[in-house]
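With the sequences and hints as input, model every part of the structure.
Chains as they are written, first to last, in the working numbering: chain X, 181 to 491; chain H, 3 to 316.
Bear in mind the hints are in silico, worked out from the structure with no lab data behind them.
Careful: at least some of the hints might be erroneous.
[Claimed, not checked] Counterexamples of contact, computed for chain X against chain H with all Cβ distances above 12 Å:
#1 Pro251
#2 Pro313
#3 Pro336
#4 Ile343
#5 Leu360
#6 Gly383
#7 Leu446
[As the list claims (entries may be wrong)] Facing chain X, from chain H, some residues (calculated, C-beta under 10 Å):
#8 Arg105
#9 Tyr106
#10 Ala117
#11 Gln284
#12 Ile286
#13 Leu287
In this text, a Cβ means the ideal position worked out from N, Cα and C, and glycines have one as well.
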Amino acid sequence: MGGWFQDNGPLLGLALLDGIASAALIFMVAVGLNLVFGVLRVLNVAHGSLFAIGAYAAASVGVFAASAGLPAWASLPALLLAAILVGLVLGPLVERLLLRRIYDEEPVLQLLVTFALFMILEDAQKLIWGVQPVSFSTPVSLLGTVDVPFGADVIPYNTYQVILLPLVAVATLAGLALFLRRTLTGRVIVAVTTDREAATAMGIDARRVFLLTFTFGAMLAALGGALSAPTTSLVPGIGASTIVLSFAVVATAGLGQIEGAALTALMIGIGRSVAVTFAPELEVVVPYMIMVLVLLVRPQGLFGVVETRRI
Amino acid sequence: MTLPRMEALLGLLVAALLVLAALSTPWMKFVLTIALAKGIAVLGILLLLRAGQVSFGHALYVAIGAYSVAFLAPSIPDAALLLPAAALVATLAGALIGLFVSRYREIFFGMLNLALSMVFYSMLEKFYHLTKGTDGIRVPPLTAAGMTLDRVTFEWTVFATALVLALAFGAFARAYLLSPMGEALGAIKTRETRLEFMGVSPRRVLLSAYILSAMMAGCAGALVAMTTRHVTPLLSYWTASGELVFIAILGGAGGVLGPFLGAIAYELVRVYAAATVADMWQMILGAVLLLVILFARGGIWGLLSARAGKGAGA
Numbered sequence: 181m182g183g184w185f186q187d188n189g190p191l192l193g194l195a196l197l198d199g200i201a202s203a204a205l206i207f208m209v210a211v212g213l214n215l216v217f218g219v220l221r222v223l224n225v226a227h228g229s230l231f232a233i234g235a236y237a238a239a240s241v242g243v244f245a246a247s248a249g250l251p252a253w254a255s256l257p258a259l260l261l262a263a264i265l266v267g268l269v270l271g272p273l274v275e276r277l278l279l280r281r282i283y284d285e286e287p288v289l290q291l292l293v294t295f296a297l298f299m300i301l302e303d304a305q306k307l308i309w310g311v312q313p314v315s316f317s318t319p320v321s322l323l324g325t326v327d328v329p330f331g332a333d334v335i336p337y338n339t340y341q342v343i344l345l346p347l348v349a350v351a352t353l354a355g356l357a358l359f360l361r362r363t364l365t366g367r368v369i370v371a372v373t374t375d376r377e378a379a380t381a382m383g384i385d386a387r388r389v390f391l392l393t394f395t396f397g398a399m400l401a402a403l404g405g406a407l408s409a410p411t412t413s414l415v416p417g418i419g420a421s422t423i424v425l426s427f428a429v430v431a432t433a434g435l436g437q438i439e440g441a442a443l444t445a446l447m448i449g450i451g452r453s454v455a456v457t458f459a460p461e462l463e464v465v466v467p468y469m470i471m472v473l474v475l476l477v478r479p480q481g482l483f484g485v486v487e488t489r490r491i
Numbered sequence: 003m004t005l006p007r008m009e010a011l012l013g014l015l016v017a018a019l020l021v022l023a024a025l026s027t028p029w030m031k032f033v034l035t036i037a038l039a040k041g042i043a044v045l046g047i048l049l050l051l052r053a054g055q056v057s058f059g060h061a062l063y064v065a066i067g068a069y070s071v072a073f074l075a076p077s078i079p080d081a082a083l084l085l086p087a088a089a090l091v092a093t094l095a096g097a098l099i100g101l102f103v104s105r106y107r108e109i110f111f112g113m114l115n116l117a118l119s120m121v122f123y124s125m126l127e128k129f130y131h132l133t134k135g136t137d138g139i140r141v142p143p144l145t146a147a148g149m150t151l152d153r154v155t156f157e158w159t160v161f162a163t164a165l166v167l168a169l170a171f172g173a174f175a176r177a178y179l180l181s182p183m184g185e186a187l188g189a190i191k192t193r194e195t196r197l198e199f200m201g202v203s204p205r206r207v208l209l210s211a212y213i214l215s216a217m218m219a220g221c222a223g224a225l226v227a228m229t230t231r232h233v234t235p236l237l238s239y240w241t242a243s244g245e246l247v248f249i250a251i252l253g254g255a256g257g258v259l260g261p262f263l264g265a266i267a268y269e270l271v272r273v274y275a276a277a278t279v280a281d282m283w284q285m286i287l288g289a290v291l292l293l294v295i296l297f298a299r300g301g302i303w304g305l306l307s308a309r310a311g312k313g314a315g316a
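Structural data, given as structure tokens:
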């Protein structure tokens, strides 16, 4: 065992760092998906498309900022700006035009409606940004690299992925927890999540809460996408793989669990990157294996609570 | 005329029309065989929809059926043996996976199926030495019940088999849905707890429908493999599963003719649309799906039977 570590230590360290970086991104998407499901009770399959559109929009805004002669540091706020824009435009549009019509429908139809939306957005994104890979790596090169000590080895890794992404994810987690527990709007959202009817009876405008939550969730997805844009080249299909992966996180953690989603994202992110390094052919399978194993033992998810059945 | 009788007559009429269409142009025969195969797979989706469950991963069983044919063809090169073999493999896979997924409902059920089909997809893609990856496997020429047929005759044989299977599965699915098992499926959708009160296990009801749907999808996959003579991992990609659900909604979940009407409409439109608006194909599908759900809930079959009902009343 010691010999194995001697040989593969740096590789394992690299895999762990990769895992943390991707976990941060997965978390951003999964937490939005979870929040929207918790409040609206609609699993938004198009959430992955919002991620993809956020990523492409960030690349466009970043490239535009660079061509307009703005300094390199401006690429960071550009990412944020792009995400907020995508969320503010698409969020209310989708909620108002589409979701509002189907809140009272059966879950199957809700699922199909967001699936249809996903198909539409997927092609819209191809029409706007084409099918050629798009890349935008200014923020990564801007922040340079950092030497991460790992046991006896030192691993140079880019600062953007190993420091900034996890920081943003942790800030989102903490911010969201504080927002939901300490502010009035947050507590209203929690109230609607727990019992929509009772909350409405107390005078809460559930429709406004739905609109607000969906827009916020869309923004989180777009932010996840925007943050991922500098780390990879964007190709059609990232929306699909993202939604499947973040669903795996949400299902493993348990629906409606925010802190749980963070831990699970870490677990799945690291599991996947370790697989990429040591058993590449298992890469795509690992997240689902984790999910299936967890669900076999705990059908409600790792942190989920068993819902009382309404007869 | 009562609706069930009309359904049966209409089914035979559609079958006759299909034979005529297949006779008219050679490529029609190919398109319609694929449409019939998909219709059979969608029939399985229909059973699950009756329970209010939608599987976003049933292309898994289509792919299992197709790959069974491709893997077994070198050792048993006979279509009459390969078809039941493929159905058997898909049924076994369905029973195994069904034991797991029948514990879940709605979103979990849909997405777990999706996840499993994607796992199979990536396995087909990554284990190159077994599956030849994305290149796929060619299916060698097959005999039919011991007879060596020329290409055109073989294609006709597959078409006829697909048609007979479609009629048989259609009749079976209708009988199944009217049986106590079918009624119990409907009860899972409305109020599962009531089934338990009656001493019926909802899990077993769903499991048997799931296994049946896997078998139908496996047959569909075998027919697809015999028609296209080439299988690729794309058969189990999530878009293929989405296609099946799409056809189910388009055709209408109300009757067993719906899946076939939907599949024929879908395949015919695809032949033209994929050539002219390839970039926007998915977008058009999505828009149609939205329109059907929001404005024509019963799909093609719903529109037809509403029209017929009005005609009978007048």
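So, going through the hints one by one against the coordinates:
No Cβ of chain H comes within 12 Å of the Cβ of Pro251(X); the nearest lies about 37 Å off, and the non-interface call holds. No beta-carbon of chain H comes within 12 Å of the beta-carbon of Pro313(X); the shortest separation is about 17 Å. Consistency note on Pro336(X): stated as away from chain H, and its beta-carbon is indeed over 12 Å from all of that chain's, at 30 Å minimum. The claim that Ile343(X) is not at the interface with chain H holds, since no C-beta of that chain comes within 12 Å of its own (minimum 31 Å).
The beta carbon of Leu360(X) sits about 22 Å from the closest Cβ of chain H, which is more than 12 Å, so the claim that it is off the interface holds. Listed as a non-interface residue, Gly383(X) keeps its Cβ farther than 12 Å from every Cβ of chain H; the least gap is roughly 30 Å. Distance check for Leu446(X) against chain H: the nearest CB is about 19 Å away, which clears 12 Å, and the non-interface claim stands. Interface restraint check for Arg105(H): the shortest CB-CB distance to chain X comes to about 6 Å, inside 10 Å, so the restraint holds.
Hint on Tyr106(H) holds. Least Cβ distance to chain X is approximately 7 Å, under the 10 Å limit. The beta carbon of Ala117(H) comes within 5 Å of a beta carbon in chain X, closer than 10 Å, and the hint placing it at the interface holds. Restraint check, Gln284(H) versus chain X: the minimum CB separation of about 5 Å is within 10 Å; hint holds. At about 8 Å, the closest approach between the beta carbon of Ile286(H) and any beta carbon in chain X falls short of 10 Å, and the interface hint on this residue holds.
At a threshold of 10 Å, the smallest CB-CB gap from Leu287(H) to chain X is about 6 Å, leaving the interface hint in force.
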